[in-house]
Every structure is written in structure tokens, then in C-alpha cells.
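Next come the chains, spelled out residue by residue.
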Amino acid sequence: MFIIPVITALVEVIVFPGLVFSILFGGIIVWMYRKIRARLQGRRGPPWYQTYADIFKLLIKETIVPLRAWKLGFISAPVASVAALLAAVLLLPFFGKFSALGFLGDAIVLLYLLTIPTFAIIFGGMASGSPYGIVGSGREASLLVWYELPLWLSAVAVFALSNTITVSGIVEEQALHGPFALRLPLAFIAFLIATQAKLAKRPFDIPHAETEIVAGPYTEYSGALRALFEISEALKWLTISALGATLFLGWPIIGNVVVDALVFLGKIVFFALIYAFVDIINPRLRIEQAGWPLWEIAAFLALIDVVRVCVGLVF
Amino acid sequence: MDETTCKICSIPVGPYHPALEEIAFYKVYVDGERIVDALIKPGFNHRGIEKLAMQRSYRRNVQLFERVCGICSDAHTTAYCVAVENCLKIDVPKRAQYIRVIEHEANRIHSHLLWFGVAMHAIGFDTLFMHSWATREAIMDVVETLTGNRVNYSVNTIGGVRRDITPELAKYIEEKLRIVEKGTLYLLKAVKEDRTIKARTSEVGVLTKEEARKYCVVGPTARASGIDEDIRKDDPYINFEDFEFEVCVEDTCDVYGRILVRLRETLESIKIVRQALKNMPEGKLIADLPYPFPSEDVGRVEAPRGELIYYVKSNYTNIPERIKLRTPTFVNLPATKPMLVGDKLADAPQIIISIDPCLTCNDRLVIVDLRSGREKTVLLQDFIRRRVKM
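In order, the protein sequences belong to chains A and B.
Just so we're aligned, residue 5 is where the first sequence starts under the working numbering, counting upward by one.
Just so we're aligned, residue 985 is where the second sequence starts under the working numbering, counting upward by one.
You may find that some hints are simply not true.
Stated by the list, open to error - In silico BS3-like cross-links for lysine-lysine, where the CA-CA straight-line distance does not exceed 27 Å: (1) B/1297 with B/1073; (2) A/205 with B/1173; (3) A/205 with B/1035; (4) B/1328 with A/205; (5) A/205 with B/1182; (6) B/1073 with B/1035; (7) A/205 with A/39.
To be verified - Output of the computed footprint for chain B on chain A, the stretches with three or more beta carbons under 8 Å from beta carbons of chain B: (8) 208-219; (9) 265-276.
Rather than coming from a laboratory, the hints here were simulated on the basis of the structure.
This one's a predicted model, so the numbers in the text were calculated from it and none came from an experiment.
Backbone N, C-alpha and C fix where the C-beta goes; we use that ideal spot for every residue, glycine too.
Sequences and hints are given; from them, build the entire structure.
Here it is as C-alpha cells:
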């Protein structure tokens, strides 16, 4: 009867919460963002299938690899990005307290996997050989330096308070004692600011500011490779929202797997909407202005909470 | 470019670029993100409009000059009509002048709101861009009801206007103006209160008063650099001396100042339209036209982008002998270089946009390309000879 775990694992990897589900759900998140954005701007917005239609159209278009590009890097960057994010989905607690592929220390691996797409973008932009791509990659890299510190500091506060580095342990601690969003409010704010930059949404959409450097690292991408980057954007939105739900909002865990999965999806939507709203109501910062909110506010707030946890001032 | 050339890379901005609605080529030399030099190359759109104007009658030229610029189309026809009227000594009825003022200011309002949207898009604030264009839709409705067209109004003509304003229409305009005023005040509030807009635009693209004088910039670009000049006040045309309005001057000399000047000017324009509707005199719409005689004169107009000059030379025919136009972008465009140098690449789009470049109305020159061979040059000369004979 060893076949049943294999089938379960395959279903988890391919259907839920893996490939098919996460791509479809990512599309819904992107559509919600586009719809809300349109409504707030006095427009009607696209129908629900628009994101899928866009990606489908890109997939059947011709893929052009520029002559000046380094082929291997140019093609592998979007693939690596999507692969890392699909792996990250398997580590997220979609089934109540448990993820599809939980193991000791998976929270650290999760954070690392979420860094890979950024490196893939930098890599792809550099490999494309276009000046817009190179400038965009440089901006992405400087943004990376700024947002990783507050992100990890807020994660450290969570790890220290829950006394574990497993995803299920973090969720269990919150299920028992209330969400960390209330117990570590400063780290929560720092996390939101840092992940806004990680998602490259306004005011931190500097790496692909279309009025300045066209599409930044994505400028030379077309066809299927561009579609992969679009999928990776949607997945990034999904996984980072889910990370927020895991680290800071793991509280109502009922025990029923189906209900818990639905609640988790609701939390993902909640986080995705926060990012969407901040994106809509803000203009873009300049690259050197982005350092100030990330290092001097977010990192400082996260540090305060880390110190509070270490000293034992968290209740 | 000295020994640091290896570090400096050039970023092409244009001819087709998301930040520019129109075609121009900016070669921006950057050292990291800092701009060290810029090469401006307009001239992608040659239409030979001046040549064309010398083959068409005075009346038909109105429709031609409207097509010089799609945004400030009314300013172009006003300038042309004023030039011809000065040249042929035509006395335009006052009612026609007042209707012209309404068209002219409605044109300015829609142009400034359009520009504001584009400027907000350049700093990535698409939400305000959409709101600004939604506000603009109200004034576009006014223009459409007044003239029947949204882009090329065809309402000015030599010696007067072609359409009247009825009392019902005046009431409708008042209603729409209230919407525009409310929207503009909201935008002004957003600009004054939003810290990110301030952070992105103040101290960016600085053009000091001395440099502005040196480059002879005109219009809102000059007024944002603290130069108090407005053709409507300095050299009143179409009865602007009857109206009370303020010339909006800001001395911040940066992109933020240019935004404020244009938004405040929009409010002043609304005031002017209200005055024109209130004090509308009775009378004819069009003057009796004389036979043309040899003469020459200029028409100066404060277009939304700055001073627009038309020069007209007439003879005994109903076709002008020579027409020359100078658009405001022609003088404002070189000033983008001192604005760009020293700033960040991220600010390049909004600096270029801040002068409200209207490049397609700027590009009128006929350039003979010697590389394209002798045959073409001969053809052109043939063309000119044929023209002279006619």
C-alpha cells in the first residue's frame, strides 16, 4: 500500500496546492487587483478570465531571444523563477497547520525559495543585453538589499516568539495564543512594507517603471518566456500573501482540513488586497528614496520587536 | 565625454517610448543613474505644413492649421486668425471675440488637465492620472457641444466665429464648469498634500530664472521659473483686456512648480470662461471681409504650452504669400538639457514631460536629405519651380 502516499504526493504537487491550483488562483488574485484598480480609477476593468487569456495569448506568440542575449541565462531565468515559487507553494500551510511538504526548518527554506525569483529577474535582465534590462536589474538588486533586512528581521521576531523554525510550529503557536499580527504589530508593519517592495508594487515598482526604462528586466522577453514571468508574478503575489498569512495571521485553525484550506485562501486574498490597495493609492518612489522607508522605518520597527521578544516583553 | 567614457552608458529614450506620447529621440548619457549629458533629436514628423499653407486660400488654411497640433488646435487657429486679421486690418465683432475666448480657455483647460494626467503617469501615479482625465471629460463635453468636434473644432474663421452660444448652452457650460472646478481643486489638493508627489517632483528638473531667460523659455515653463510673462496680459489679443485673471507664477523653478502653475492656470481659465459667459455682448458673429492687399503682420497667442507666433504676408490674391509659425515647444525643447543634466535617470521622463512637449507641431521643417540622391533634390526643385509658376 505504498502507492497511496505516492498518489497523494503527486496530487499535491500537480493539483492542489501545486501547479494547477496555484496558477489558477494566482490569476484570480491578479484579476482582483486589476478590477479594484479599475473601479477606483473610474474604469470598468477586465472580465474574470482576462489574466488567463493574456497568458494564453503570450504562450502562442513567437518567442524571440535577442542576438546580444546570453541564451542559457535568458531562458533559464523565468523557468527558475516559476520552479522556485511552485516549490514554495508546497511549503505553505494550505491544510490547516500542515503544508504539503513540511519538514524541520522549512520556514527558512520557504524564505530562501521566495528570494530566488528576484535573483531570476536580475539574472534575466542582465542576460538580455538591453540597457533597460541592465538598469532595471541594477535597481532590482539595490531594492533587494534594502528589503531583505526588514523582511528577515520580522521573520526572526516570529521565529523567536514561536520558538520554532517550522511552518506548522509557527501556525500552531498562533492557533493557541492568537495571531502574531496582534502580538508583534511592529514586525507586522515592517513585513508589509518589505513585502510590498519584494513584490515590486507601488511605491516600490522601481525595477520595471515603464515610463523610465520600459519594462526593466522584462523588456526583451516575449512569447512563452514572458508568459512564464507573468505566471511567476502571479505566483509571487500568491506566495508572499500566503507567507504573510502564515507568519502573522495563523490564528483561526478549526481542525477540519477543507474549512481550514478555505480560511487560508481567504487570508491570502486579504493580504493580496492590502498590497493591491497600497499599490493603487501611491505614486512611484525614486530608487534612492526607496531606501528610507525600508531601512529607516521597516528595519527599525522589526528590530524593536525582535528586541521585545528577546527581552520577553511580548504577551 | 572625457576619460570616464567607459563608465558612461547611453540610454535611448524615444523615438517610441512609453513616457513620450510623441516622437522625439533623447539620447541620455548616464553614469550609474545620474545623467551627465543629453542629446535631443526631434524631427521625426515632417509634414511641410507651411508649404501647404502657401497653396491654400485664407479660409481653407484655418482647417489646415488646426491640424498642426491635436491638443492646442484652438490656439493655432486663433493665432492664425489674429495674424490674418492684423494683416488685413479686419475689425472682429466683440461677440465673436468673446466666443473665441471661451473656446480658447476651454482648450487650455483640457490641455492642462491632459498634461497633468500624463505627468502623474510619468511618476507612476496612475490613479490620479485617471481622475484627471475623467475631469477632463467634462470640459471635452463642453467643447463638443459648443463646436460639434472634440479635437479639431473648426469654430474660428477669418473675421469671426462660425457658431453662436445660446443661453441654454451657456447654462450647460456653467454646469460642466462646476464639475471641472471641483475636480481641479481636488487634484490641486492631492498635489499639495501628497508627500510622495512632492518627493518625486520638487528639486527635480531645475531651470533657474537666469537660465530660463537665457533659453528664452515661454509659457508655463517660464512662469514656473519665476518669469512673469503671459501674452494674454502683456499683449492682449481677442479682447483679453476685458477679463480679470491672475498670471500664475511660481518661483520653485522645478517640476513641482510647473505642475502647480498649470493647475492654478486651469482655475483661472475657468474664471475667464465664467466672465465671458456673464458679459457676453450682443452683435454679429463675423465681420465683413476686405479684398486682400500686400501687407504683413504677426499674431501672438498664449497657447497652453506658451507663446505661439504666426507670421502672415499677404499679396493681392486670396492665397497668403508666406506663412511662418513658431510653436512654443521649439523654444522650450532645448531647455530640457540643463534640466536633465545632474538629475537621475528616473526623473528623465517627468522632466521631459514637464515642458509639455508637443513635438509633432514643432516638426515642420523640410530637410533635404543629400544622402538620398540627386534625383530627389531635383524633384524638390522642380516642385518649387512649379509652385512659383502657379
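Here is how each hint holds up against the structure:
| no. | hint | result |
| --- | --- | --- |
| 1 | B/1297 with B/1073 | holds (13 Å) |
| 2 | A/205 with B/1173 | holds (25 Å) |
| 3 | A/205 with B/1035 | violated (50 Å) |
| 4 | B/1328 with A/205 | holds (21 Å) |
| 5 | A/205 with B/1182 | holds (20 Å) |
| 6 | B/1073 with B/1035 | holds (24 Å) |
| 7 | A/205 with A/39 | holds (16 Å) |
| 8 | 208-219 | holds (count 8) |
| 9 | 265-276 | violated (count 0) |
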